[in-house]
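Note that the protein sequences, when read in sequence, are chains U and W.
Going by our numbering, the first sequence opens with residue 1, and the numbers climb by one from there.
Going by our numbering, the second sequence opens with residue 1, and the numbers climb by one from there.
Since the hints were derived computationally from the structure, they do not count as laboratory data.
Fair warning: there could be bad hints in the mix.
What the hints assert, rightly or not - Here are the computed lysine to any residue pairs in the SDA-like style, where the Cα-Cα straight-line distance is at most 25 angstroms: (1) W/K3 <-> W/K46; (2) W/K139 <-> U/Q122; (3) U/K213 <-> W/R96; (4) W/K78 <-> W/R27.
These are the residues of each chain, in order.
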Amino acid sequence: MSEPVGVKTLQINGEEVSARSGQTILEVAREHDIDIPTLCHLEGLSDVGACRLCLVEIKGSNKLLPACVTTVFEGMEVSTHTERLQKHRHMILELLFAERNHVCSVCVANGHCELQSLAQDQGLTHISLPYRNPELTVDASLERFTVDHNRCILCTRCVRVCAEIEGAHVWDVMGRGINSTVITDLNDPWGSSSCTRCGKCVQVCPTGALFDKSKVGSDHPKYPDFLPYLNLMREAR
Amino acid sequence: MSKLKLATVWLDGCSGCHMSFLDMDERLIELADIVDVVYSPIVDTKEFPDMVDIALVEGAVASVDDEKKIRKIRAHSKLLIAMGDCAVAGNVPSMRNPIGPQAILNRAYIENADVQPQIPCVVVPELLRIVRPIHEFVKVDVFLPGCPPSADTFHAALTALVTGEPLDIPALTRFGA
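Given only the sequences and the hints, what does the whole structure look like? Please build it.
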């Protein structure tokens, strides 16, 4: 028998909070102004727990769990900012910076990048790991938008927005581990793919990996806030 | 109180960090009351002094000469500051890393040369295979990211370091700032 929908009481950082059953730790934390950093999560898209920045500690479990995909239970005791978690978040950000060629100063998203501002928020002043310097491609075959794989952090927001919201599923991920890369169709050039040119992927991309060709320098703010509204309108229909 | 000895060094960077340092304008005069600039691209000293209190290093390590210099600077500095994104993260000079120095030299000196195509091999130092931030060679005490760090960032950071007050760098600057 399934549990009836009800109120769950739990503790986040020692503070008693109540939640609806089925809510994720991240949802409850944000309702209570408790800041848990995220990169792959985006309001309006499904959650995949890809970036691991939202990892939290739960009393009684020796595993760290991603807050975006972990639902609450009665009596749960969550810690969001322990020394151990902060150490892991630092390491995740350093790995992201070291993995590809993120050269902030010459990025179209400089000043509007979620990776860049997270690094600042988390107090990162340098990357202690050696940079990998991979040779990656830039696909500018589409008339309006470009994908620069040097800047991609594989958050898969583009994949999800294309499949879940646009309904086209042009974007997907190819390869394993360090060789993973986002692709259009079956790794065809973006320009000759079945892309509908809607531009949603560009708006949800947290870095300068997907950008509008009409933007130059570091003048590329992104506007992903259309998503919750779009979903609301669709539900109301 | 005797003045602190300050050195500034220019490795593989564009000199923009030094420009931004000079943008402190009249605040440089106040700074001159507490520090002596004993070595810098803007003063006429050829050899790095025996010991300096603070060394500000602009630029990444890109050549055998840069590597020799940064090791000497570390040995002769009490406090070593990585100044700007090139010193902190490699930044623009490191963009050649995926393709290597030979491809860059060929493009600049052979493919694009109108007369006498040849790669310089005398006087100029040999390039390292990859460009790296200075902390991959020596211990760095303070990281000041930014491209370049603003004059206000320099002023706040140097004031804090000289007076011993707490220094919150992420509140001042970030990568690419």
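Hint-by-hint comparison with the structure:
no. : hint              : result
1   : W/K3 <-> W/K46    : 21 angstroms, holds
2   : W/K139 <-> U/Q122 : 22 angstroms, holds
3   : U/K213 <-> W/R96  : 24 angstroms, holds
4   : W/K78 <-> W/R27   : 24 angstroms, holds
Taken one by one, the earlier hints all hold for this structure without exception.
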